[in-house]
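K.L.:
Starting from the known structure of chain A, fit chain B onto it as the hints suggest.
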Amino acid sequence: MRAPYAHEERAARIVAEPADAREVAELVRACETDGISLAAMGAARTLGEIRKTPVALGVSLNRMRRVIAYEPADMTVTVEGGVSVDELNRTMEPSGQRLPVDPQRPDLTCIGSLIAASHAGPLRLSEGTSRDLLIGIRYAGRGGKIVHGGGRVVKNVAGYDLMKVLGSSFGTLGIIVEATFKVRPVPEHYAMALARYDDAERTFEAARALNDLPLAHLEVLSPAAAESCGFDGKYVLLAGLSGSRSEVASQYAAAARMAPGARLIEKEDARAAYACLRDFDFLSQSLAARAAVAPAELASAMLAADAEFVAHAGSGVAELFLNRMPADVRATVARWREIARGRRGHLRVIHCDPEVRPSIELFDLPNSGAMGLMRRLKTAFDPAGIFNPGCFVGEI
Amino acid sequence: MRADGFSSAYGCDNFVFPFGRGGFRDRGIRSENPSIIARATAGANAVSAICCAIVHGVSADVIGIAATPLDSRLVDELAAIVGRDGIVSRPSELKVYECDGWTVEKNSPDLLVMPRTTEQVSAVLKALWRRGLPFVPRGAGTGLSGGALPVNAPVMICTSKMNHILAIDLANRRVEVESGVVNLHVTNAIKRDGFFYAPDPSSQQACTIGGNIAENSGGPHTLKYGVTTNHVMGLTLVLADGEVVELGGWAEERCGYDLVGAVVGAEGTAGIVTRAVLKIVREPEDHRTLLATFADVEAATRAVSAIIAAGIVPGAIEMMDQLIIRAVEDAFHAGLPADAGAVLIIELDGLVAGLDECAARVTEIARSAGASEVRLARDEAERAGLWKARKRAFGAVGRLAPNYATQDGVVPRTRLPDILRVIGAVSKKYHLAIGNVFHAGDGNIHPIILYDERKPEEVRAAVEAGREILAACVEMGGSLTGEHGIGVEKQGEMPLLFSPEDLIAMTELRRVFDPMERSNPNKVIPRPGSCVEVAAPRRQVPI
Numbered sequence: 001m002r003a004p005y006a007h008e009e010r011a012a013r014i015v016a017e018p019a020d021a022r023e024v025a026e027l028v029r030a031c032e033t034d035g036i037s038l039a040a041m042g043a044a045r046t047l048g049e050i051r052k053t054p055v056a057l058g059v060s061l062n063r064m065r066r067v068i069a070y071e072p073a074d075m076t077v078t079v080e081g082g083v084s085v086d087e088l089n090r091t092m093e094p095s096g097q098r099l100p101v102d103p104q105r106p107d108l109t110c111i112g113s114l115i116a117a118s119h120a121g122p123l124r125l126s127e128g129t130s131r132d133l134l135i136g137i138r139y140a141g142r143g144g145k146i147v148h149g150g151g152r153v154v155k156n157v158a159g160y161d162l163m164k165v166l167g168s169s170f171g172t173l174g175i176i177v178e179a180t181f182k183v184r185p186v187p188e189h190y191a192m193a194l195a196r197y198d199d200a201e202r203t204f205e206a207a208r209a210l211n212d213l214p215l216a217h218l219e220v221l222s223p224a225a226a227e228s229c230g231f232d233g234k235y236v237l238l239a240g241l242s243g244s245r246s247e248v249a250s251q252y253a254a255a256a257r258m259a260p261g262a263r264l265i266e267k268e269d270a271r272a273a274y275a276c277l278r279d280f281d282f283l284s285q286s287l288a289a290r291a292a293v294a295p296a297e298l299a300s301a302m303l304a305a306d307a308e309f310v311a312h313a314g315s316g317v318a319e320l321f322l323n324r325m326p327a328d329v330r331a332t333v334a335r336w337r338e339i340a341r342g343r344r345g346h347l348r349v350i351h352c353d354p355e356v357r358p359s360i361e362l363f364d365l366p367n368s369g370a371m372g373l374m375r376r377l378k379t380a381f382d383p384a385g386i387f388n389p390g391c392f393v394g395e396i
Numbered sequence: 001m002r003a004d005g006f007s008s009a010y011g012c013d014n015f016v017f018p019f020g021r022g023g024f025r026d027r028g029i030r031s032e033n034p035s036i037i038a039r040a041t042a043g044a045n046a047v048s049a050i051c052c053a054i055v056h057g058v059s060a061d062v063i064g065i066a067a068t069p070l071d072s073r074l075v076d077e078l079a080a081i082v083g084r085d086g087i088v089s090r091p092s093e094l095k096v097y098e099c100d101g102w103t104v105e106k107n108s109p110d111l112l113v114m115p116r117t118t119e120q121v122s123a124v125l126k127a128l129w130r131r132g133l134p135f136v137p138r139g140a141g142t143g144l145s146g147g148a149l150p151v152n153a154p155v156m157i158c159t160s161k162m163n164h165i166l167a168i169d170l171a172n173r174r175v176e177v178e179s180g181v182v183n184l185h186v187t188n189a190i191k192r193d194g195f196f197y198a199p200d201p202s203s204q205q206a207c208t209i210g211g212n213i214a215e216n217s218g219g220p221h222t223l224k225y226g227v228t229t230n231h232v233m234g235l236t237l238v239l240a241d242g243e244v245v246e247l248g249g250w251a252e253e254r255c256g257y258d259l260v261g262a263v264v265g266a267e268g269t270a271g272i273v274t275r276a277v278l279k280i281v282r283e284p285e286d287h288r289t290l291l292a293t294f295a296d297v298e299a300a301t302r303a304v305s306a307i308i309a310a311g312i313v314p315g316a317i318e319m320m321d322q323l324i325i326r327a328v329e330d331a332f333h334a335g336l337p338a339d340a341g342a343v344l345i346i347e348l349d350g351l352v353a354g355l356d357e358c359a360a361r362v363t364e365i366a367r368s369a370g371a372s373e374v375r376l377a378r379d380e381a382e383r384a385g386l387w388k389a390r391k392r393a394f395g396a397v398g399r400l401a402p403n404y405a406t407q408d409g410v411v412p413r414t415r416l417p418d419i420l421r422v423i424g425a426v427s428k429k430y431h432l433a434i435g436n437v438f439h440a441g442d443g444n445i446h447p448i449i450l451y452d453e454r455k456p457e458e459v460r461a462a463v464e465a466g467r468e469i470l471a472a473c474v475e476m477g478g479s480l481t482g483e484h485g486i487g488v489e490k491q492g493e494m495p496l497l498f499s500p501e502d503l504i505a506m507t508e509l510r511r512v513f514d515p516m517e518r519s520n521p522n523k524v525i526p527r528p529g530s531c532v533e534v535a536a537p538r539r540q541v542p543i
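Chains as they are written, first to last, in my numbering: chain A, 1 to 396; chain B, 1 to 543.
A hint or two may mislead.
[Unchecked claim] Simulated coverage check for chain A against chain B, where a stretch passes if three residues somewhere in it have a Cβ under 8 Å from a Cβ of chain B: (1) 126-138; (2) 284-294; (3) 314-327; (4) 338-346; (5) 356-366.
Note that these hints are calculated values from the structure, not bench results.
All residues carry an ideal CB built from backbone N, CA and C; glycine is no exception.
For reference, chain A alone in the conformation it holds in the complex (with noise of 0.2 Å):
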């Protein structure tokens, strides 16, 4: 038990770091039985967004960093819920394989948090998110029992899928302590195409082009974000190209062809963009949410929003973010959300200021019928309402 350091005080009230699995379940137990609310909490950062005030106890993952197993052979990895996502790639390095899930900030990252806030990055295009990836789960839940679903198999559907359930869940069911998941092979080369434009239309455009090739990724950035990237300040399309050699020479030529003008970015510089771009600080603005609408209404979002924005074109979600505090929060808020609503998606708010957090929905809430059973979920999930409680949808 400790104090939180000063970046973890919007998150809890008092740190506890357990040293394994039993004594988090031993936590969850005395909690459940005095009425203590509690929640993982990695780094602190998404927990600290999302409460309103801060969590009785945090629990820090900090000392559960083992890689459990790791199977090159069998392109499988278990580890603990604290292990970052660079950590876990770095172990894997020396075989060529990575989990192909790019969070922001994948060093501050673990993969219990990337788990239960469901972070991801460019990549999603091309190799899903850690949804896709993950094949095993277990977690403290009600009563302090350790619960697993899943297994060590990339194939598997016995039972039910609990990793689904866990998955973005905001900690809001049970604290993750350990993780399988099927890994990738590292492409043997990454190179990006980069075209610059003056519009946003033009650029959405070419994007849509460009979607029809089996990208890594594809981005459209507004000026701000193109800028802070280091791409001088138009609207500016990214699309990420791996493979081998060849693979990569035939998909610049393609996108050459889609977006004339394009640039090769290879190599070093490559990688040095995608860091960029990945770990682009929403954190740091005044206002940031995500946008997850139709794939094909993601353009259309953008140029209604006003907003700066990094667009990862394809799958339809979107950063929409200011860097100066707006008028009035709410009303853009209740804006940006309207224009994703009426794109058969929604938005949540990922970061604003603390003082006017309490009046903001961060979370959109789902149809009456889906938030009947989400409850319901809830409760039978966390009886005692113990588990990172009232900031998720609908305050549960």
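P.N.:
Only chain B this time, still in chain A's reference frame:
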């Protein structure tokens, strides 16, 4: 704790342990009066069933005491909803629905209802709910684990008349379908435009999207593209009480809990899915399909491991052993090397630019692993021929024996040689021929156990043999099922994989959707309440 403690606690007696352990359970009596149907499975599964029951206080309804027998008033009420032509009530016609692709156990429903719309499904379920009647959903009945077998569920609800493709939206890469749409029809509707729907079970010409969603179905090409759960974005679900809920939608990310992910693979126990929004995939620029011939399955599995270890992710790697190759050749003359010990069908797809290079590498790897020949399909016709041979393997096996049971275990890829040795030993031990045709790339085996259901000792041996293979899979760090589901077939084996706590959490999850366990009761989680009849021999269900 003893099983009879459970029986008296919940007011049901008459425990019967037919074969020593649960899973293949009592089928002695099918009572005319459902109110006295209450049986329990025993052994390994009883332990966890009892744990579940004690913690949650299983009600009489849950363990399979149907409240009221079907009466003519109900039939009239349902006919008013779906029309007379949407109802089947004659026992002779209901016989068709007595089992799915898991033919070891059979039990006809008392009534079959075929609604045409979500609203009709909702109205039907409301009528059943008022009477406390459980129901079993069914798609095309091609499932292989008894998911569509009625077990204390008198009414069967078949989605086959809800078979419309509602929207094709290529720009969004989405297709919206009713759940009775046949899997292959989705791809057929979009392939002209260069798209496909990736999950491709062997039964894809018949099986429905609703059934695929229930079982989280796979297929050869899921090695690269993922299984059903990776391609279902949104669902319309009718809960057991008739409430209609919309889950997920068209966007990639979910709003709130991932309930779509919980329903996919729930084997019809969350309610009835009537519509789905599916993600579709761009056809790769080109394919290279290779046929590699080996002297034995060991060498073939070595090649699989070596290809994966080289960082190559093929679209599919499928293996067929000698028994299957011969059966396919005898039946269809597909051009497979009839004297081979094993063959691999390896499909590479992607950009033209990388394919020949990759095919050359795979050829070299296969040769070093002992392939006597590696043949590249020269054209689309030859490629189609190879896939036809693979997908018709089950049909070909039907000629070798009156019946067969297909298992669906999974092992870590590197343990494939070990599990194949176990299968060989099991085959000898039980004097049953077992063929192997399976998704080698992801370690998902499909031993096909041949038997004759007219010989009770062979039926029993087939079930025992399957169970022994599955136990070995689990022992090797694998799973009971990769894509067929638990159904009734593997319920008894669930405690090999999951602790009582795991099973309790899963039961809790199911009850979020269906608190009274009326939708497809007595499936997946081992529990008392199974009562199924072994019927006279019948035709093999084509899969």
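K.L.:
All the hints need checking, so say for each whether the structure fits it.
P.N.:
Hints, one by one, checked against the model:
{"no.": "1", "hint": "126-138", "verdict": "holds (count 3)"}
{"no.": "2", "hint": "284-294", "verdict": "holds (count 4)"}
{"no.": "3", "hint": "314-327", "verdict": "holds (count 3)"}
{"no.": "4", "hint": "338-346", "verdict": "holds (count 3)"}
{"no.": "5", "hint": "356-366", "verdict": "holds (count 4)"}
This entry satisfies every hint, going by the numbered hints stated previously.
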